[in-house]
Amino acid sequence: MNDSRRKIMKEAVCLLVSEAGFSTATEESLETLTEMLIGLTCEIANQTRNYAELAGRTQSVVGDVLMALINMGIGFKDLDKYALRENRPMARNMNPNQAQK
Amino acid sequence: IHRPKENPNKGGSLSEFLPQLENYSPTIPDAVTCYYMNSSGLNCADPRIVRLISIAAQKFISDVANDALQHCKTKSSANPNVNKNQKDKDGKNPKDKKFTLTVDDLAPALNENYGIKTTQMKYLT
Chain Z
1 MNDSRRKIMK EAVCLLVSEA GFSTATEESL ETLTEMLIGL TCEIANQTRN YAELAGRTQS
61 VVGDVLMALI NMGIGFKDLD KYALRENRPM ARNMNPNQAQ K
Chain D
1 IHRPKENPNK GGSLSEFLPQ LENYSPTIPD AVTCYYMNSS GLNCADPRIV RLISIAAQKF
61 ISDVANDALQ HCKTKSSANP NVNKNQKDKD GKNPKDKKFT LTVDDLAPAL NENYGIKTTQ
121 MKYLT
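So the sequences go chain by chain: Z and D.
Numbering-wise (our numbering), the first sequence opens with residue 1 and increments by one.
Numbering-wise (our numbering), the second sequence opens with residue 1 and increments by one.
Okay, chain Z solo, but in the shape it has when bound (with noise of 0.2 Å):
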């Protein structure tokens, strides 16, 4: 469990859920939120696969992310406004190359 990728998806929750007006947070909830963004993510790749699978392919492609959204319920309406709002977190540089330039 002490894995580092999970440390950075729990600060991307951190970041998340601060953004969203919590001052604090409880471990429990984060963890659980943690474990919820975690799963999302392995969900919709698996979709992704399958159905570049079912079209035939190997490769994936934009559209196939869009099938396993809408076969999720997820909509993605939205999803450009969301990803370009004002003052969005950002996690931390994962490539200190490149701050030092």
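Bear in mind the hints are in silico, worked out from the structure with no lab data behind them.
Careful, some of the hints might be misleading.
Below, in silico cross-link-like pairs of lysine-lysine (BS3-like), each with a Cα-Cα straight-line distance of 25 Å or less [as the list claims (entries may be wrong)]: (1) D:Lys-59 x Z:Lys-7; (2) D:Lys-122 x D:Lys-59; (3) Z:Lys-81 x D:Lys-59; (4) Z:Lys-81 x D:Lys-122; (5) D:Lys-98 x Z:Lys-77.
If you anchor each label on the Cβ, the simulated ranges turn out as follows [to be verified]: (6) Z:Glu-28 x D:Asn-38: 36 to 42 Å; (7) D:Thr-100 x Z:Lys-77: 28 to 34 Å; (8) D:Thr-100 x Z:Gly-73: 48 to 54 Å; (9) D:Gln-120 x Z:Arg-88: 19 to 25 Å; (10) D:Ala-31 x Z:Gly-21: 25 to 31 Å; (11) D:Gln-120 x Z:Ala-55: 21 to 27 Å; (12) D:Asn-111 x Z:Ile-70: 31 to 37 Å.
Heads up, the beta-carbon is just placed ideally off N, CA and C, and yes, glycines get one too.
We have chain Z already, so just place chain D on it with the hints.
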């Protein structure tokens, strides 16, 4: 037959947004999303796919957090005594109240809006 007028911008927003994904950096780093994609058997050759999955997952978590915040706000407004005590204790306006995310707020938000049932482990209580 009456047909509703089609919005010319409908469906165009996403196709305009997809090229912007090339220079986009989501909150979840690409390397982490790539790892979980690979663990599910999906190759991440196209960075747009990685970022689209990251953004979709982030939006879901943000929506859940917003619903939990609404629950938290309605709960605190339903108990004015709690606010009154806080005001006396902190000497602050209750509008500036700080909210804490707990499982008590998260569980009803998940159950009502997404049909996800969460139960606390008995050994943790």
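Evaluated hints:
{"no.": "1", "hint": "D:Lys-59 x Z:Lys-7", "in the structure": "19 Å, holds"}
{"no.": "2", "hint": "D:Lys-122 x D:Lys-59", "in the structure": "31 Å, violated"}
{"no.": "3", "hint": "Z:Lys-81 x D:Lys-59", "in the structure": "10 Å, holds"}
{"no.": "4", "hint": "Z:Lys-81 x D:Lys-122", "in the structure": "41 Å, violated"}
{"no.": "5", "hint": "D:Lys-98 x Z:Lys-77", "in the structure": "31 Å, violated"}
{"no.": "6", "hint": "Z:Glu-28 x D:Asn-38: 36 to 42 Å", "in the structure": "29 Å, violated"}
{"no.": "7", "hint": "D:Thr-100 x Z:Lys-77: 28 to 34 Å", "in the structure": "31 Å, holds"}
{"no.": "8", "hint": "D:Thr-100 x Z:Gly-73: 48 to 54 Å", "in the structure": "29 Å, violated"}
{"no.": "9", "hint": "D:Gln-120 x Z:Arg-88: 19 to 25 Å", "in the structure": "32 Å, violated"}
{"no.": "10", "hint": "D:Ala-31 x Z:Gly-21: 25 to 31 Å", "in the structure": "29 Å, holds"}
{"no.": "11", "hint": "D:Gln-120 x Z:Ala-55: 21 to 27 Å", "in the structure": "42 Å, violated"}
{"no.": "12", "hint": "D:Asn-111 x Z:Ile-70: 31 to 37 Å", "in the structure": "23 Å, violated"}
Figure legend: structure checked against the earlier numbered hints; hints not met, in rising order: 2, 4, 5, 6, 8, 9, 11, 12.
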